[in-house]
Amino acid sequence: MQYATNVRIIRVMCGGRVDLEMIFSAFLNGADGVFIGTCLKGECHYTSGNLQAEARIIFAKHILKYTGLTEKRVKLSMMSSAESGKFVSSVSDFIETIIAEGKLPDDANTQRKLHAAYRAVMGEKIRWLAGKKTEFETDGNLYGEKFTPHEINRLFREVAQDEVLTQEIILLLENSPLTIKELAEITNIPPRRAVRQIANMLRLGIVRQDGSKDNAPAFTAGNNKRLIEVIR
Amino acid sequence: MEETRIGVFVCKCGTNIAGFLDVSDIAEYSSTLPDVVFTKVNLFTCSEAGISEIKNAIVQHNLNRVVVSACTPRTHEPTFRAACQEAGLNPFLFEFVNIREHVSWVHKNDREKGTKKARDLIRMGVARAALLEPKEFIEVPVLNEAIIIGGGVAGLSSAVSLAKRGFKVHLVERSNKLGGRLLDLNIIQPEMTSAKGIIEDILHEAENLPLINIYKGYKPVDLKGCIGAYKMIVENSKKETKEIDSGVIILASGTRMLDPSPYYGYNGRNIITQYELEKLLSNEDLEINNNVVMIQCVGSRNSENVFCGKICCMEAIKNSILLKERDDRIDVYIIYRDIQALGHENERLLRKAKNLGVRFIHYSAEKPPEVTKDAVKIYSDILNREFNIPYSLAVLATPQIPHSDAQELSRILKVPTDENNFFLEAHMKLRPIDFATDGIFICGSARWPCTVNEAIYQAEACAARASIPLGNGKVKVEPINSLLDEDICRGCGLCVSLCPYKAIELVNTDKGKKAKIIIAACKGCGVCGSTCYRHAITMSHYKDEQLLAQIEACFKE
Ligand code: SF4
Ligand code: SF4
Ligand code: SF4
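Note that the protein sequences, when read in sequence, are chains Y and G. Under the working numbering, think of the first position of the first sequence as 1, with each following residue one higher. Under the working numbering, think of the first position of the second sequence as 233, with each following residue one higher.
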């Protein structure tokens, strides 16, 4: 039972203890991939912690994709503590995938996006939704509407994109006022999307107009106390 | 604040670690890490010598954190924690780094990279150790009564055993009759004793012990609480409920028999199951003409029930012997895939059956036998030829399978099952009759098909194990639990609904609704902390800062 030496192991009580913060903190610190091992479905030592881990990983994957990194950089694998063979093969596959993907790019663009991702997962919305997944699937939402896995996936993708983009814009605007065109260019999103995003953010008071550049309004970060108060 | 003084002990484990990693390099590197003031290589850290080296170093070097880089906390954490405590250091200021299972054993061919990995893991462990906080084990009182679920041989044996020790027992049996499967069985191998004799003795004892309360026709529908103070609601078919308090629970809910009707033309007359053959054999005047053909692994070890029925081989062998002894002219065939005859006593029975003339024919899963109206057609892959065996009785070895409501019970008790719906113990070898949940134990076939003897051993073991908290009247639980910052909590209730152990409740305070942790019920899984959108909860001993420090240290060579 041998495998490659690339992984560094951190012990937690349960997959359910793995906070999205830890995953993105690992990437920010330089990890090329994050592997989470949990118990099998229905066999969780802590009954259902693995399902919570699973919900968070859906977010992590959408976020990675959105930041331009591949979702393959995070992997959740379910196995019983008696299945050492499965652990080895799962970890080995993961190591191969990561080696094929290469090192995490450390250009400013990726780092900024990862930073935005970190802030996004520290924020309330993603955490709240991740925690609600199992309930949405079994009991439904406030109105008793149950979600299919497909619907959950779509919802999580949209929220992930929206939250990371919001945080990325804030990060950029904390540095210097920018116009919508500039923002769209830097963040690599269609200008229409940027307009919509800024309009929303203006409405929420997260950004405010601050002068203009080349006849276009420029924006700067507003009072984001509420949004970032929980961010360490 | 007191200066952080960390001691790092690097174990060689004989050659288990030192044979594959450069231990002196690792130790030397460890001594350069922040806050590390003492490093020592041990031949065997867990030996007397190793333990006293730890204790001496704590005293002589005034250590206030100890990191042992050796093997797995699963087996040795208690040992090292105790060593710290004996030297006056709080046991929770100890950190375990695993460089054996996680490094030397799995990277035997790469000394250099393995050594580097060990260095990294120790650096991470040291970073975490620096942030550890002293903790005290939590003591909770234990009500000295037990609930036992299941009135078969396992449940009854535990009940008798506990009641004889002076503990009150609440025995909950779903049917209206105690005794379980043994009531239908005939002779129990390998001692060849009468099943009725065994169960009647136990029943007689159970019914005459005043400490045993029996709830017939009831099954659990809800459970609250934790070790020391469980509160179970049981319900009967009339939906009448009763509430039972207990300190511990023993699960002995058994199994049911697989429905044989889809297999080999089962008809209950001349094509029957081994289980039904038991009843026939207990009838003295049973007439069997000739040729009994027993087919093994019926409905088991297939895609539906991947597991082995485990007891059916010996049941067939036993019944073949009984048939032969009853009338030597009966030809008995056992058509098998593999024979499960563990232990010398069972081997002896197997040999005896062979000597009595029972014939064994092997078949492979790809070519199962065919049962026609009057013959069993079977291809022996060993002899490479087909047999056509006429039969007057065909006997199918169908397995015991979990009860259809096993999942429901698992949800109510919050204990896991495996992929086959058998209940899953905490650790196959180290904690075979415990659940991961403190105070709930498991015995008998609900855990895995077992023989009557095994069921009784396990039941006795459960009773012995359960007696520890019952006798002490209190238990120590690891202080790994959630910590709430009430000021940050908004009382949304998300954590309450997600906690798998119902260890959080919402309470009204003067600052509005707030979460409240029931420390004794919390198992420390961390779900609540990693979910709370307000970051109001963290886990003691696995604090966010501690884990984040480990992550950060991982990349800080
Ligand atoms: S402490 Fe663990 S690694 Fe060291 S000798 Fe003992 S068993 Fe081996
Ligand atoms: S999830 Fe957080 S905010 Fe909500 S009740 Fe629990 S601790 Fe309070
Ligand atoms: S850590 Fe939280 S979720 Fe887990 S058992 Fe304790 S209170 Fe419940």
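None of these hints come from the bench; they were simulated from the model. Note that beta-carbon positions come from the ideal geometry of N, C-alpha and C, so glycine has one too. Careful: at least some of the hints might be erroneous.
[Unchecked claim] These stretches of chain Y come out as covered by chain G in the derived footprint (C-beta under 8 Å, 3 or more residues): (1) 9-23; (2) 32-46; (3) 49-63; (4) 177-190.
[To be verified] Calculated pairs, DSS-like style, for lysine-lysine (alpha carbon to alpha carbon, straight line, at most 27 Å): (5) G:LYS746 <-> G:LYS775; (6) Y:LYS41 <-> G:LYS788; (7) G:LYS340 <-> G:LYS367; (8) Y:LYS41 <-> G:LYS775; (9) Y:LYS86 <-> G:LYS456; (10) G:LYS788 <-> Y:LYS103; (11) Y:LYS75 <-> G:LYS340; (12) G:LYS775 <-> Y:LYS75; (13) Y:LYS41 <-> G:LYS661; (14) Y:LYS103 <-> G:LYS340; (15) G:LYS748 <-> Y:LYS72; (16) G:LYS708 <-> Y:LYS86; (17) Y:LYS75 <-> G:LYS348; (18) G:LYS708 <-> G:LYS748; (19) Y:LYS86 <-> G:LYS748; (20) G:LYS345 <-> Y:LYS86; (21) G:LYS556 <-> Y:LYS41; (22) Y:LYS86 <-> G:LYS586; (23) G:LYS367 <-> G:LYS599.
Hint by hint, here is what the structure shows:
1. 9-23: holds (count 13)
2. 32-46: Coverage by chain G holds here, the residue count being 7 at a Cβ distance below 8 Å.
3. 49-63: holds (count 3)
4. 177-190: violated (count 0)
5. G:LYS746 <-> G:LYS775: 21 Å, holds
6. Y:LYS41 <-> G:LYS788: Judged against 27 Å, a Cα distance of about 35 Å means the pair is violated.
7. G:LYS340 <-> G:LYS367: Distance ~37 Å between LYS340 (chain G) and LYS367 (chain G) Cα, so the pair is violated.
8. Y:LYS41 <-> G:LYS775: Holds: LYS41 (chain Y) and LYS775 (chain G) sit about 26 Å apart, inside 27 Å.
9. Y:LYS86 <-> G:LYS456: Distance of about 35 Å is beyond 27 Å: violated.
10. G:LYS788 <-> Y:LYS103: 17 Å, holds
11. Y:LYS75 <-> G:LYS340: 26 Å, holds
12. G:LYS775 <-> Y:LYS75: 23 Å, holds
13. Y:LYS41 <-> G:LYS661: 22 Å, holds
14. Y:LYS103 <-> G:LYS340: Given pair LYS103 (chain Y), LYS340 (chain G) holds - Cα atoms ~26 Å apart, limit 27 Å.
15. G:LYS748 <-> Y:LYS72: 38 Å, violated
16. G:LYS708 <-> Y:LYS86: 35 Å, violated
17. Y:LYS75 <-> G:LYS348: Roughly 24 Å between the alpha carbons, so the hint for LYS75 (chain Y) and LYS348 (chain G) holds.
18. G:LYS708 <-> G:LYS748: 21 Å, holds
19. Y:LYS86 <-> G:LYS748: Not satisfied, since the Cα-Cα distance of roughly 39 Å exceeds 27 Å.
20. G:LYS345 <-> Y:LYS86: 23 Å, holds
21. G:LYS556 <-> Y:LYS41: 47 Å, violated
22. Y:LYS86 <-> G:LYS586: 40 Å, violated
23. G:LYS367 <-> G:LYS599: Cα-Cα ~62 Å, so violated.
The structure does not agree with the numbered hints 4, 6, 7, 9, 15, 16, 19, 21, 22, 23 stated previously, though it agrees with the rest.
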